[in-house]
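**Q** With the hints as constraints, model all of the structure from the sequences given.
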Amino acid sequence: MAELINLQILNRLLGWAGVDLPPSHLAGAVLAALVHGVILLGIVAVAAMFFIWAERKVAGRIQDRLGPTRVGGRFGWLQALADGIKLLSKEDVRPREADALLFRCAPYVSFAASFTAYLALPFSDGWVAQHINSAVFFILAVLGLEVFGVILAGYASGSKWSLFGAMRESAQVVSYEVPLGLCVVVPVFICGTMNLVTIGNMQTGWLTNWLVFHDPFTFAVFWVYFTCAIASVNRAPFDLAEAESELVAGFHTEYSGMRWCYFFMAEYGSMLLVSGLATILFFGGWHGPVPVFDMLGWSSMGGVLQYVAELAGAANFLIKAVVGVTVMIWVRWTLPRLRIDQVMTTCLKYCTPLAAVCFLGALGWQTGMFGLAAGPLWSPNQLMAVKQRGEYRESWVLKAEAAAAAEGSAAQAGRPAASGDRDEPDVSGETEPARSSATGAVGSPLSRKGGVG
Amino acid sequence: MASHLGDPRVVEFDVRTDEMLINMGPQHPSTHGVLRLALRTDGEIVSEATPHIGYLHRCAEKIGENLSHRQYIPYTDRMDYLAAMNMNLGWALVVEKLLKHEVPERGRHLRVLMAELNRIASHLVAMGTYGLDLGSFTPFLYAFRERERILDLFEEVCGARLTYSYITPGGATGDLTEGWLEKCEAFLDQLAPVIEEYHTLLTSNAVFIRRTAGIGVLSAEMAIDYGTSGPVLRGSGVDYDLRRDGDPWYTGLYRDYKYEVIVQKDGHYPKDRDYPPVPAEAVLGDSWHRFYVRMLEVVQSVELVRQAMERYRAAKGDCGAPLKLTQRLPKGEAYLETEAPRGQMGFFLVADGNAIPWRVRVRSSSFCNLSITHEVCRGCLIADVPAVIGSLDIVMGEIDR
Amino acid sequence: MMTLAGMDWHAIYFWLFALLTCGFALAVLFSANVVRMAFYLVLCLGASAGLFFLTGAEFVAAMQLMIYVGGTLVLLVFGVMLTAHSRFVSLRTPSGEWILALIAGSALLALLLSAALKVPDWVKANPDRAAISAADVEATTPIGMGFAGVRVDKLSQTDPQLLGGMSGYLLPFLIVSIHLLVVLIGAAYMARAKRRAAAVDEGAV
Chain A
1 MAELINLQIL NRLLGWAGVD LPPSHLAGAV LAALVHGVIL LGIVAVAAMF
51 FIWAERKVAG RIQDRLGPTR VGGRFGWLQA LADGIKLLSK EDVRPREADA
101 LLFRCAPYVS FAASFTAYLA LPFSDGWVAQ HINSAVFFIL AVLGLEVFGV
151 ILAGYASGSK WSLFGAMRES AQVVSYEVPL GLCVVVPVFI CGTMNLVTIG
201 NMQTGWLTNW LVFHDPFTFA VFWVYFTCAI ASVNRAPFDL AEAESELVAG
251 FHTEYSGMRW CYFFMAEYGS MLLVSGLATI LFFGGWHGPV PVFDMLGWSS
301 MGGVLQYVAE LAGAANFLIK AVVGVTVMIW VRWTLPRLRI DQVMTTCLKY
351 CTPLAAVCFL GALGWQTGMF GLAAGPLWSP NQLMAVKQRG EYRESWVLKA
401 EAAAAAEGSA AQAGRPAASG DRDEPDVSGE TEPARSSATG AVGSPLSRKG
451 GVG
Chain B
1 MASHLGDPRV VEFDVRTDEM LINMGPQHPS THGVLRLALR TDGEIVSEAT
51 PHIGYLHRCA EKIGENLSHR QYIPYTDRMD YLAAMNMNLG WALVVEKLLK
101 HEVPERGRHL RVLMAELNRI ASHLVAMGTY GLDLGSFTPF LYAFRERERI
151 LDLFEEVCGA RLTYSYITPG GATGDLTEGW LEKCEAFLDQ LAPVIEEYHT
201 LLTSNAVFIR RTAGIGVLSA EMAIDYGTSG PVLRGSGVDY DLRRDGDPWY
251 TGLYRDYKYE VIVQKDGHYP KDRDYPPVPA EAVLGDSWHR FYVRMLEVVQ
301 SVELVRQAME RYRAAKGDCG APLKLTQRLP KGEAYLETEA PRGQMGFFLV
351 ADGNAIPWRV RVRSSSFCNL SITHEVCRGC LIADVPAVIG SLDIVMGEID
401 R
Chain C
1 MMTLAGMDWH AIYFWLFALL TCGFALAVLF SANVVRMAFY LVLCLGASAG
51 LFFLTGAEFV AAMQLMIYVG GTLVLLVFGV MLTAHSRFVS LRTPSGEWIL
101 ALIAGSALLA LLLSAALKVP DWVKANPDRA AISAADVEAT TPIGMGFAGV
151 RVDKLSQTDP QLLGGMSGYL LPFLIVSIHL LVVLIGAAYM ARAKRRAAAV
201 DEGAV
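Protein chains in written order, with the numbering used here: chain A, 1 to 453; chain B, 1 to 401; chain C, 1 to 205.
The set of hints was computed from the structure by calculation and includes no laboratory data.
Remember, it's a predicted structure, so these values are computed and weren't measured experimentally.
Note that CB positions come from ideal geometry on N, CA and C, so glycine has one too.
Each hint should be verified, as a subset may be incorrect.
Said to hold, decoys possible - Across the chosen pairs, the derived CB separations fall in these ranges:
#1 C:Ala115 x A:Ala406: 32 to 42 Å
#2 A:Arg70 x C:Gly79: 17 to 27 Å
#3 B:Asn23 x A:Tyr108: 44 to 54 Å
#4 A:Glu91 x B:Thr326: 25 to 35 Å
#5 B:Arg161 x A:Lys90: 26 to 36 Å
#6 A:Lys86 x B:His101: 53 to 63 Å
#7 C:Val119 x A:Gly158: 48 to 58 Å
#8 A:Arg70 x B:Met222: 49 to 59 Å
What the hints assert, rightly or not - When the alpha-carbon atoms are kept at most 25 Å apart in a straight line, the in silico SDA-like pairs for lysine to any residue are as follows:
#9 A:Lys57 x B:Phe137
#10 A:Lys349 x B:Val207
#11 B:Lys316 x B:Leu381
#12 A:Lys57 x B:Phe144
#13 A:Lys160 x B:Glu375
#14 A:Lys160 x B:Leu381
#15 A:Lys160 x B:Ile53
#16 A:Lys86 x B:Pro29
#17 A:Lys160 x B:Phe144
#18 A:Lys349 x C:Phe78
#19 A:Lys387 x A:Leu305
#20 B:Lys265 x B:Ser204
**A** So this is what it looks like as structure tokens:
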């Protein structure tokens with residue numbers, strides 16, 4: 001039986017109000033779900049609005065013009081809202097040939113997939129809707145569902161152009177999941193966990209602790225990841241599904257108004273999502289280049305100061321993710337679109353082998369060239385390491401530790417002492433946890449299976 | 001199955017899929033107006049592309065038989081609306097040829113100046129929209145930024161930005177305004193460095209090369225057989241430019257001008273040192289070459305404009321007054337082809353002694369250029385269709401008239 | 001009677017997802033359009049992934065979403081779109097097949113039920129919730145280790161006869177995946193059409 005929702009934020013809110021709700025309480029669970037839902041929906045919606053504005057502004061600057069300047073006073077910052085109002089007021093047109101049910105559902109499927117993935121994306125230390133141990137895998141899996149909305153839209157529109165868009169999308173996304181998974185596995189096996197909060201926390205400290213600087217292969221694999229991420233969220237130069245010069249508008253040719261808007265929100269939502277994932281996996285997540293709050297000691301102080309430190313972490317995270325999205329926008333307005341066969345070639349002949357080579361290289365680095373050296377090769381991550389990677393614990397381990405401490409002793413008979421031969425059990429009775437936090441050879445087969453599967 | 005392996009007639013296809021007949025256009029974003037292409041596709045592969053035209057037919061030829069030769073000028077504007085000066089020039093020259101009317105020296109240089117400036121503007125649009133066809137939006141706006149300045153120059157001269165009706169039989173509707181040449185000079189100085197930008201964004205861009213090189217290859221024989229002309233013909237390596245090889249009445253305009261015809265010889269284009277080299281993937285006659293010829297023609301036209309300005313300054317007298325509306329055309333016929341930006345633009349004029357022609361016929365360059373579509377699009381991918389159509393740089397107004 | 005506040009929300013979520021799973025499974029059965037079927041199947045599998053999440057088997061849930069929904073069903077719809085879809089748009093099941101399917105389905109259901117009811121732990125609800133929630137997170141590591149060739153459950157196995165048969169899952173896993181690959185390549189080869197060049201020129205295929 002799993003805990004359905006992370007109660008940290010709710011408890012904090014309620015704690016300020018002086019109320020206490022147990023997590024198993026129906027009202028508590030519903031309230032926590034609502035709080036998280038509203039916060040995440042707010043983030044996704046505001047992010048989509050912000051990026052629509054940013055896209056127009058950046059595109060304008062790249063194209064030697066100003067972009068929106070009027071709406072909302074300076075910089076046209078309310079342009080996205082004006083666009084939204086326009087879209088709301090547009091007629092919801094449905095072609096006669098369309099499959100009514102699927103045509104109506106498709107945008108929601110796309111948006112729901114993009115939104116659901118946010119459930120597992122931490123914005124700061126512990127600021128995540130649901131602590132999922134295999135969060136990386138979950139995000140990749142749910143992100144892959146977005147394609148289903150596109151396919152349904154393409155099929156249900158009853159238009160040949162939409163059908164072409166859907167076919168391209170399905171071929172492309174299914175192919176790009178392979179190198180994307182391989183790339184994601186590299187930081188996962190370095191950290192020995194698929195828990196994003198733990199991966200983020202393992203990069204605590206200075207800039208040198210970021211995984212992108214772990215070794216040359218992680219540096220290379222980031223670029224492969226970014227390429228694949230652009231392809232998997234359908235952005236130019238891989239935006240074949242909506243290639244406006246070939247397929248009119250591809251899968252959303254027949255859509256108008258709010259339904260069309262949902263596709264857009266899904267697109268921008270996934271852009272932020274893959275950038276956020278890259279931020280956590282490669283760029284230290286919520287840890288800035290300089291650990292200001294760690295030096296001040298606020299991050300572990302508790303109370304308001306820790307809250308401020310976490311808030312700064314969230315800002316840090318968002319800034320890095322927004323930079324990633326901006327690069328995507330920049331690429332879009334610079335490069336021509338690839339052709340479908342070239343997109344496939346890029347995936348199968350370049351991205352996949354490169355990711356595999358980086359995977360093996362990083363594995364070799366981590367295992368000291370497969371056992372030739374005494375331990376992991378030197379990495380910039382060791383320059384200013386705060387503590388050993390293996391000392392970080394996943395959230396459920398911490399919780400189990402707390403529970404064990406509360407119970408006094410929790411040695412449970414009949415539980416398989418799985419990892420007793422490798423690691424010293426550091427939690428009484430809970431030997432399993434140590435396994436997940438161990439690095440290198442132990443973590444890799446687990447995570448490799450996860451990534452490729 | 002194995003028995004087929006040695007049979008050269010058997011073509012191995014990928015997974016067999018259903019054939020689909022789709023309409024590209026006439027409201028498709030990348031068919032440059034109202035062209036309709038009926039595509040027979042097998043998955044992403046186009047097995048047949050049939051162009052259907054006529055959506056912009058405005059009876060321009062018939063109208064020509066009801067109006068005086070000077071009244072017909074605005075209708076020529078609307079044929080190739082991206083190069084209206086060249087259309088005006090073509091009509092003016094054919095009327096003058098029938099009348100044996102020579103324009104003064106200054107008028108000659110003015111015409112070269114306008115025609116070449118408009119060629120630059122037209123090629124800029126071709127370049128920008130080609131970027132759009134390949135999914136790159138930015139070059140389009142860069143191209144329009146430069147084109148705007150040419151349109152400003154035209155506006156100053158004749159008051160119109162698209163349909164100029166400036167060059168008329170007999171001369172032009174007016175002389176250049178005060179300070180116009182300096183503005184034009186400033187524009188040319190500004191244009192030279194930004195051409196580099198276009199080459200960076202498109203010509204030498206790896207994605208662009210992969211999208212265009214080897215796509216829509218048109219052999220020199222086929223190009224001649226189908227009567228293609230302009231950059232499409234020269235992109236296939238045929239050394240033919242009407243400014244040099246055309247009717248003396250037309251080539252007389254370019255008498256004593258120095259320029260080289262842009263065509264590949266021995267693997268090199270004239271003066272291509274400053275520009276990106278021909279990529280290894282490119283095949284003579286493919287979309288990349290057609291595009292590159294246009295890009296180099298912009299440079300060529302810049303040189304021609306500079307020469308024309310110099311000669312215009314030196315020439316004495318006026319540039320010729322428009323003929324009278326009622327000026328009667330002598331009985332007889334005249335045909336003249338000019339090198340418009342899109343190729344060979346011919347006007348045929350039969351007069352029966354009135355000011356109103358008895359018959360007008362237009363030979364459109366885009367029409368012939370478009371006719372190769374079904375040859376070069378066979379077996380290509382859907383994404384290549386806009387890449388090929390864009391590289392032909394068609395204007396439907398000229399095809400349908 | 002439980003009050004609203006005292007209700008077990010976990011059970012509520014279970015019933016919700018279980019009903020969704022069954023409902024969409026029935027919708028798959030009764031719809032005639034193959035793409036709609038695929039859509040209902042997505043919802044059905046998504047809801048059952050929700051059930052996995054409820055039990056704490058997050059990895060299995062994510063795996064279900066990725067492989068079945070993101071992979072298999074996408075490919076299925078892709079195939080339908082590529083081929084003649086008129087044949088698939090309405091699939092009516094003849095009544096003979098209904099009967100056969102009912103017999104096969106209920107036989108399988110009976111087998112599964114009887115097997116499930118034989119597990120003593122599953123017959124009665126386990127009142128010790130804390131023990132379950134502590135155990136739920138341990139599922140993935142033994143599986144992963146098993147794939148790598150290390151059976152961690154060997155350590156607690158006392159029966160020597162059973163111990164002898166406990167090898168890693170790596171070899172079977174590899175055999176199955178290579179078998180799948182061979183099948184896929186074979187299918188692609190069989191689907192390739194050979195056509196005469198002349199026929200293509202005429203535009204008639």
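**Q** Run the structure past the numbered hints and jot down the numbers of the failing ones, going up.
**A** Violated hints (numbers, rising): 2, 3, 4, 11 and 17; every other hint is consistent with the structure.
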